[in-house]
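One-letter residues, chain by chain:
Number of protein chains: 2
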Amino acid sequence: MEALLFFAGAGAALILTSNHETGKSDKKTYGENRPDAHGNIAANRKKVQRVPLKEFPPLLNDRLLKAAVGEPTDRTPVWMMRQAGRYLPEFRELRKKADFFNMCQEPELACQVSLQPLERFPTLDAVIVFSDILVIPQAMGMEVIMVAGKGPVFPNPLKLPTDLEKLVMKPELEKTLGYVFDVVNLVRQKVNGRVPVIGFSGAPFTLMGYMIEGGGSKTLSNAKRWLLNHPVESHRLLQALTDIIVEYTVRKVEAGAQLLQIFESNGGDLGPEQYYEFSYPYLAQIARRVKEELKKKKLPVVPMTVFARGVNFEGALEKLAATEFDAVSLDWCIDPTVARNRLKNTSIQGNLDPCTLYASPGRIRQEVGKMLNGFGTQNYIANLGHGMHPDHDPEHAHAFIKAVQELSLEMNQNKK
Amino acid sequence: MEALLFFAGAGAALILTSNHETGKSDKKTYGENRPDAHGNIAANRKKVQRVPLKEFPPLLNDRLLKAAVGEPTDRTPVWMMRQAGRYLPEFRELRKKADFFNMCQEPELACQVSLQPLERFPTLDAVIVFSDILVIPQAMGMEVIMVAGKGPVFPNPLKLPTDLEKLVMKPELEKTLGYVFDVVNLVRQKVNGRVPVIGFSGAPFTLMGYMIEGGGSKTLSNAKRWLLNHPVESHRLLQALTDIIVEYTVRKVEAGAQLLQIFESNGGDLGPEQYYEFSYPYLAQIARRVKEELKKKKLPVVPMTVFARGVNFEGALEKLAATEFDAVSLDWCIDPTVARNRLKNTSIQGNLDPCTLYASPGRIRQEVGKMLNGFGTQNYIANLGHGMHPDHDPEHAHAFIKAVQELSLEMNQNKK
Chain C
1 MEALLFFAGA GAALILTSNH ETGKSDKKTY GENRPDAHGN IAANRKKVQR VPLKEFPPLL
61 NDRLLKAAVG EPTDRTPVWM MRQAGRYLPE FRELRKKADF FNMCQEPELA CQVSLQPLER
121 FPTLDAVIVF SDILVIPQAM GMEVIMVAGK GPVFPNPLKL PTDLEKLVMK PELEKTLGYV
181 FDVVNLVRQK VNGRVPVIGF SGAPFTLMGY MIEGGGSKTL SNAKRWLLNH PVESHRLLQA
241 LTDIIVEYTV RKVEAGAQLL QIFESNGGDL GPEQYYEFSY PYLAQIARRV KEELKKKKLP
301 VVPMTVFARG VNFEGALEKL AATEFDAVSL DWCIDPTVAR NRLKNTSIQG NLDPCTLYAS
361 PGRIRQEVGK MLNGFGTQNY IANLGHGMHP DHDPEHAHAF IKAVQELSLE MNQNKK
Chain P
1001 MEALLFFAGA GAALILTSNH ETGKSDKKTY GENRPDAHGN IAANRKKVQR VPLKEFPPLL
1061 NDRLLKAAVG EPTDRTPVWM MRQAGRYLPE FRELRKKADF FNMCQEPELA CQVSLQPLER
1121 FPTLDAVIVF SDILVIPQAM GMEVIMVAGK GPVFPNPLKL PTDLEKLVMK PELEKTLGYV
1181 FDVVNLVRQK VNGRVPVIGF SGAPFTLMGY MIEGGGSKTL SNAKRWLLNH PVESHRLLQA
1241 LTDIIVEYTV RKVEAGAQLL QIFESNGGDL GPEQYYEFSY PYLAQIARRV KEELKKKKLP
1301 VVPMTVFARG VNFEGALEKL AATEFDAVSL DWCIDPTVAR NRLKNTSIQG NLDPCTLYAS
1361 PGRIRQEVGK MLNGFGTQNY IANLGHGMHP DHDPEHAHAF IKAVQELSLE MNQNKK
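Those protein sequence lines, which keep their order, are chains C and P.
Residues in the first sequence are numbered from 1 upward in steps of one, following the working numbering.
Residues in the second sequence are numbered from 1001 upward in steps of one, following the working numbering.
Don't read these hints as lab results, they were simulated from the structure.
This one's a predicted model, so the numbers in the text were calculated from it and none came from an experiment.
The beta carbon of each residue, even a glycine, is placed where N, CA and C say it ideally should be.
Where hints are given, some of them may not hold.
PhoX-like cross-link-like pairs, simulated, lysine-lysine; straight-line CA separation at most 20 Å [to be verified]:
| hint | chain 1 | residue 1 | chain 2 | residue 2 |
| --- | --- | --- | --- | --- |
| 1 | C | K370 | C | K402 |
| 2 | C | K344 | C | K370 |
| 3 | P | K1319 | P | K1291 |
| 4 | P | K1218 | C | K150 |
| 5 | C | K47 | C | K190 |
| 6 | C | K296 | C | K54 |
| 7 | C | K218 | P | K1218 |
| 8 | C | K66 | C | K291 |
| 9 | C | K150 | P | K1150 |
| 10 | C | K66 | C | K344 |
| 11 | P | K1150 | C | K218 |
| 12 | P | K1047 | P | K1175 |
Derived contacts from chain P toward chain C, CB cut-off under 8 Å, selection only [as the list claims (entries may be wrong)]:
| hint | residue |
| --- | --- |
| 13 | T1219 |
| 14 | N1229 |
| 15 | G1268 |
| 16 | N1312 |
| 17 | I1334 |
| 18 | V1338 |
| 19 | D1353 |
| 20 | C1355 |
| 21 | Y1358 |
| 22 | D1391 |
Here's a subset of chain C near chain P, in silico, CB distances under 7 Å, partners left out [what the hints assert, rightly or not]:
| hint | residue |
| --- | --- |
| 23 | S221 |
| 24 | R225 |
| 25 | L228 |
| 26 | G271 |
| 27 | P272 |
| 28 | F313 |
| 29 | W332 |
| 30 | C333 |
| 31 | D335 |
| 32 | V338 |
| 33 | D353 |
| 34 | C355 |
| 35 | Y358 |
| 36 | A359 |
Based on the sequences and whatever the hints tell you, model everything.
Right under this line is the structure:
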């Protein structure tokens, strides 16, 4: 309990400051971005009557799941990282009414947002559950607020290794992240078998980076100070995060997720040696343990993808492919043909430069064609090399989706 | 003249705003960050009586130059990118008195700053002339101000291709950048043959990125919009920048620079295809033309290094090595042994993660040892994988320098 109070004190002050001085902080932020006095987060949400997995209707479009595990598909499945987000006017409309994390915490709102891309682009091959990677630090007792124009901010980031004592290292996930499982289940209900539902989590090092830096960082100086000067405590934190992520993602499957993606967005900031010490082993562990747990719990052993952004160096992709992850998601800084040569029969996801969506629909189609030629249409999930940008035109996202679907179908038919 | 007035108008307003509202903008900024009514920049500086090259004393320590062109050295030479900067208290002291760009423009100040690292660490193997890559856009008529806590800001970035008409595409370099040549010459005078003097320039795409984004950018969205939607105009701008950079760096050699480094800091944000269209050809062109010009002008054909940050993908290093650049400078995201295998006899510069300087001197030494083992002590210039951070401890920089020098000497002696 002390942990929660520690973080609560200074955090509240900061929020008030930002509210009063800039008028820019988010709506309804205060008091819901960390566990309450009973250790709950979003206890007052409208709870979801979770439907058991066996009662869900059969999946009508399983291209994503097949491609992820290397089974043939009639055409390449496609979805976009951050497909539910600010580039959609319908998202911005909802966002006016609620703070970012409140959107994550209110199952009906988060569900509505998750479904927006599918409503607009009905041929999309997946829905990803709207949430944020930083809900895990929140569950551990750290406050995170979303500051307009800046992104997520931790008013009290971890400074010294002794700050670990203030963290809840083994949070009760139903109490702290039950709202996420509610959202997953509700999304699965509403999608109603049209496409698979993707659940995700941040990877340990990426979460550690935010928890120490207190937000986005160009250099990760403070987090790297920990790696260098407090390796034991760094591993302790990374292992605690790993344990939480394993349980968190398994529970997402239990709630309805049909594919899991792990985001190591900061992986590329590490040199190879630090990556192999502080990132890769935890990624590998997560994939292995999640699959073991799923088997043990007789839950569906869903496909898993890993996005280690910027980690393209010699041997790195090959080593990711050697884990229990089914598919490796790539950023745009690697040529598709080169990646396919390196990963041969491994399923790949990616990797159009999101900026390509600023080009004309004709040009987008041309670039998608090159990408499909490089990766091939099989063992492949088309996606961007990073998330959608807030200033993307939804019509250009549509052009991307259509190009993948039409061109890959054509390519497959020509092969016959 | 219209170009200058165009940029002047809105810029002045912005500066006043930032002065009055935040109280944080820099000192003595106004009116000196773009050409004056006569097309001059820093016309009121205390001009330097430039000493001709033939009058300079012989170079006492030529390890840097030898290593750059693959000649044997008794030990590995070492310097640090951004070695003259905020991590030095003596720099911060001077910085209190002058705006950042005024420091660049006042030869005695810039010279003093350039020499500070050598004064503190007399065994350093090079001095780099203090300046900024954005002095070139200034010479083209664009205003750039340094905003505390934010970095460089262009009050009026390029928006549309028609904005190119407002640029001075062929600035008179003696009028607009004569102050830089003054600094180079003065530094060479004051260094007095102790170590070589490095001159540098930003590469065309990196400069274009700043000119369009108006400052640092995570996504380079606007610059990439240009590449995608205005390729002809993008090439026009990149070629104009290339022409300026060639003349600019040749003149630096004429003024006293003994090695030239080109910074393509944003290269890694481009996917391979865009890199080969919009970055690499200009880098190659710069190296080729600079060397041709130096020969033609009977100037010393100095070694050239290129730092294309983040550009480590398959074939990229090899292609940089195939240009007229003598050495390839690497970031920390590639293993030294791998890099050495890929580049064989090419001279390499780099690549310790700057964050390693947060570790203890003992640990720094250990990491330097690994780096030297990977790269070898020959054809190699020890450096960081990026610039010094403002919060680095100078003593740790010293530990880095000493470790390189002592360990490489030891390794060379053991080989005998």
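Discussion item. For each hint given before, does the structure comply? Return the numbers of the non-compliant ones in rising order.
Written reply: none
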